[in-house]
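S.K.: Dock chain B against the given chain A, drawing on the hints supplied.
Protein chains in written order, with the working numbering: chain A, 1 to 179; chain B, 1001 to 1160.
It is possible that part of the hints are untrue.
[As the list claims (entries may be wrong)] Just a few of them, taken from the derived set where beta-carbon distance is under 10 Å, the chain A residues facing chain B:
| hint | residue |
| --- | --- |
| 1 | Ser6 |
| 2 | Ser16 |
| 3 | Ala19 |
| 4 | Glu69 |
[Claimed, not checked] Quick list of in silico lysine-lysine cross-link-like pairs, PhoX-like style, CA-CA up to 20 Å:
| hint | chain 1 | residue 1 | chain 2 | residue 2 |
| --- | --- | --- | --- | --- |
| 5 | A | Lys13 | A | Lys25 |
| 6 | B | Lys1078 | B | Lys1109 |
| 7 | A | Lys12 | A | Lys25 |
| 8 | A | Lys76 | A | Lys38 |
| 9 | B | Lys1027 | B | Lys1125 |
| 10 | A | Lys76 | A | Lys25 |
| 11 | B | Lys1125 | B | Lys1078 |
| 12 | A | Lys54 | A | Lys38 |
| 13 | A | Lys13 | B | Lys1027 |
| 14 | B | Lys1030 | A | Lys12 |
| 15 | A | Lys37 | A | Lys25 |
| 16 | A | Lys37 | B | Lys1109 |
| 17 | B | Lys1151 | B | Lys1109 |
| 18 | A | Lys37 | B | Lys1078 |
| 19 | B | Lys1109 | B | Lys1150 |
| 20 | A | Lys54 | A | Lys76 |
| 21 | A | Lys13 | B | Lys1030 |
| 22 | B | Lys1027 | A | Lys12 |
[What the hints assert, rightly or not] Here are the in silico distance ranges between beta carbons for each label pair:
| hint | chain 1 | residue 1 | chain 2 | residue 2 | range |
| --- | --- | --- | --- | --- | --- |
| 23 | B | Asp1026 | A | Lys37 | 24 to 34 Å |
| 24 | A | Pro18 | B | Glu1049 | 17 to 27 Å |
| 25 | A | Asp74 | B | Ile1056 | 20 to 30 Å |
| 26 | A | Glu47 | B | Ala1132 | 34 to 44 Å |
| 27 | B | Asp1082 | A | Glu22 | 38 to 48 Å |
| 28 | B | Asp1112 | A | Glu88 | 19 to 29 Å |
Think of the hints as simulated: they come from the structure by calculation, not from any bench. C-beta: ideal position from N, C-alpha, C; glycine also.
Next come the chains, spelled out residue by residue.
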Amino acid sequence: MGQRMSHRDLMKKIRSVPAVAENRKSMHFKLGIAILKKRLELNLTQEELVERVKANGGTITQATISKMESAETDVKLSTFEKVLEALEATVEVVDNTTSATLEVEVTPGNGKKESVRSLIKSAINAGKEVMPYSLSSEVLRHMFEEMHQSSTSEKVTSGSLKSYKGNYEKELKELEMSR
Amino acid sequence: MTITIEYLEDPNGDLQVVDFLSDLADKALKDDDYSNLLKRIDTVFTILEEIGVPEIDNRTHFATGHKNQTITLVDIVKELRDHPPLLETRANWRGVGDGAFRAIFFYEKDRDGNQTIYFTQALLKEDTYSPAFEQAVQISEQMMYDFYSKKGGTVTWDNA
Chain A
1 MGQRMSHRDL MKKIRSVPAV AENRKSMHFK LGIAILKKRL ELNLTQEELV ERVKANGGTI
61 TQATISKMES AETDVKLSTF EKVLEALEAT VEVVDNTTSA TLEVEVTPGN GKKESVRSLI
121 KSAINAGKEV MPYSLSSEVL RHMFEEMHQS STSEKVTSGS LKSYKGNYEK ELKELEMSR
Chain B
1001 MTITIEYLED PNGDLQVVDF LSDLADKALK DDDYSNLLKR IDTVFTILEE IGVPEIDNRT
1061 HFATGHKNQT ITLVDIVKEL RDHPPLLETR ANWRGVGDGA FRAIFFYEKD RDGNQTIYFT
1121 QALLKEDTYS PAFEQAVQIS EQMMYDFYSK KGGTVTWDNA
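In isolation and in its complexed conformation, chain A is listed as follows:
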């Protein structure tokens, strides 16, 4: 007779494996699942979401949306941005002081443009490498840690990311030079 674990206990065991636990904290995992839920909530097929992105002037393939929703790690932040915009959604990064985990939710709402900038500055000032539009989960986690230390709550919206795009590289250079 084998083990008599419940689903909950089985998932607890699987999710305690370090690589799995790490993956579950990543931006790709949290955003991917959140985007899938949001798309289904809106009753959109992947093809319809592709059309929405195109209607906004962007380009994306159904395969990329599928990769995103499967939490594959080679999807750029700028691609998430296009999809979030098409879903008319924002990403909320919540400072969860009790569990100290990064919570990412796709919710309708308004964000603050400044918060993206301050988060990225914090990461750079701490010596993290921040490449334009390829924020790694490590960087995002660092950003969260910064937020956690200052006990603040920040929101990152697709709109704020887009508006930030123009000054992004310039600001990175300035920050790098001032270090």
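M.R.: Leaving out everything else, chain B in the frame of chain A:
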């Protein structure tokens, strides 16, 4: 909407899927390929926990191979042709054998959309045609009929 996931006893009285996944978790502690596969399995189970079995139009997914090669079409949930209402859930990582994790299940949905998913068998499929997989399908069918027989119901389905 609530999603409940259960594991059925096989003819030996074992929860084969639980034993199989638990064994994979043990291997993943020592082997990077197993941990990569387990990450993908966890993603699939998370999706099932969060949204249940997607409607048939929303079941197509793609993935990237371990060398980041061209995207491969994968369905996280797929109907088992010729064996309705059985379905399989899938996760791929080629570093482990042929890299095709498959778990067979069926599910019930009530009027409010609440789902109960019953897993029957799980394995790593070695080839497109796999005798072990065919056997798992046969066992799963029997487990499903036994389940409904004990429950006093009959097996019906619309689109699987």
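S.K.: For each hint, tell me whether it holds in the structure or not.
M.R.: To see whether the hints hold, each was checked on the structure:
1. At its closest, the beta carbon of Ser6(A) sits 9 Å from a beta carbon of chain B; the interface hint therefore holds under the 10 Å criterion.
2. Using the Cβ-Cβ criterion of 10 Å, the hint placing Ser16(A) at the interface with chain B is satisfied: the shortest such distance is roughly 8 Å.
3. Annotation: Ala19(A) was flagged as interfacial toward chain B, and the flag holds, the nearest CB pair being 4 Å apart, inside 10 Å.
4. Hint status for Glu69(A): holds, given a least beta-carbon distance of 7 Å to chain B, under 10 Å.
5. Proximity of Lys13(A) to Lys25(A) is assessed by CA-CA distance (about 16 Å); at most 20 Å being required, the pair is judged to hold.
6. Simply put, Lys1078(B) and Lys1109(B) have alpha-carbon atoms about 17 Å apart, close enough for the 20 Å limit, and the pair holds.
7. At most 20 Å may separate the alpha-carbon atoms for a hinted pair to count; Lys12(A) and Lys25(A) meet this at roughly 15 Å.
8. Of the supplied pair hints, the one linking Lys76(A) and Lys38(A) holds, its CA atoms being roughly 19 Å apart against a limit of 20 Å.
9. A threshold of 20 Å between alpha carbons decides the hint, and for Lys1027(B) with Lys1125(B) the separation of about 17 Å falls inside it, so the pair holds.
10. For the given pair, Lys76(A) sits about 17 Å from Lys25(A) by alpha-carbon distance, which is consistent with the 20 Å threshold.
11. Annotation: proposed proximity of Lys1125(B) to Lys1078(B) holds, straight-line Cα distance about 15 Å (limit 20 Å).
12. For the suggested pair Lys54(A) and Lys38(A), the alpha carbons sit about 18 Å apart, so the restraint of at most 20 Å is met.
13. Between Lys13(A) and Lys1027(B) the alpha-carbon distance is near 12 Å, which keeps this suggested pair within the 20 Å criterion.
14. Distance check on the hinted pair: Lys1030(B) and Lys12(A) sit about 18 Å apart at the alpha-carbon level, within 20 Å; holds.
15. Restraint check for Lys37(A) and Lys25(A): the C-alpha separation of about 17 Å stays at or below 20 Å, so the hint holds.
16. Note on Lys37(A) and Lys1109(B): the hinted pairing holds, with a Cα-Cα distance of about 18 Å set against a maximum of 20 Å.
17. Restraint check: the Cα-Cα separation between Lys1151(B) and Lys1109(B) comes to about 16 Å, which is no more than 20 Å; the hinted pair holds.
18. In summary, the hint linking Lys37(A) to Lys1078(B) is supported, as the alpha carbons are separated by about 19 Å, within the 20 Å threshold.
19. Between Lys1109(B) and Lys1150(B) the CA atoms are separated by roughly 19 Å; this keeps the pair inside 20 Å, and the hint holds.
20. A threshold of 20 Å between alpha carbons decides the hint, and for Lys54(A) with Lys76(A) the separation of about 17 Å falls inside it, so the pair holds.
21. Between Lys13(A) and Lys1030(B) the alpha-carbon distance is near 15 Å, which keeps this suggested pair within the 20 Å criterion.
22. A distance of roughly 16 Å separates the Cα atoms of Lys1027(B) and Lys12(A); the hinted pair therefore holds under the 20 Å criterion.
23. For Asp1026(B) and Lys37(A), the hinted distance range of 24 to 34 Å is satisfied, since their beta carbons lie about 31 Å from each other.
24. Distance hint for Pro18(A) and Glu1049(B): a CB-CB separation of about 21 Å, consistent with the stated range 17 to 27 Å.
25. Taking the beta carbon of each, Asp74(A) and Ile1056(B) are about 28 Å apart, inside 20 to 30 Å as hinted.
26. Remark: the range hint 34 to 44 Å for Glu47(A) to Ala1132(B) is upheld by a beta-carbon distance near 35 Å.
27. Evaluation of the 38 to 48 Å hint for Asp1082(B) and Glu22(A) yields a pass: the beta carbon distance comes to about 40 Å.
28. For Asp1112(B) and Glu88(A), the hinted distance range of 19 to 29 Å is satisfied, since their beta carbons lie about 27 Å from each other.
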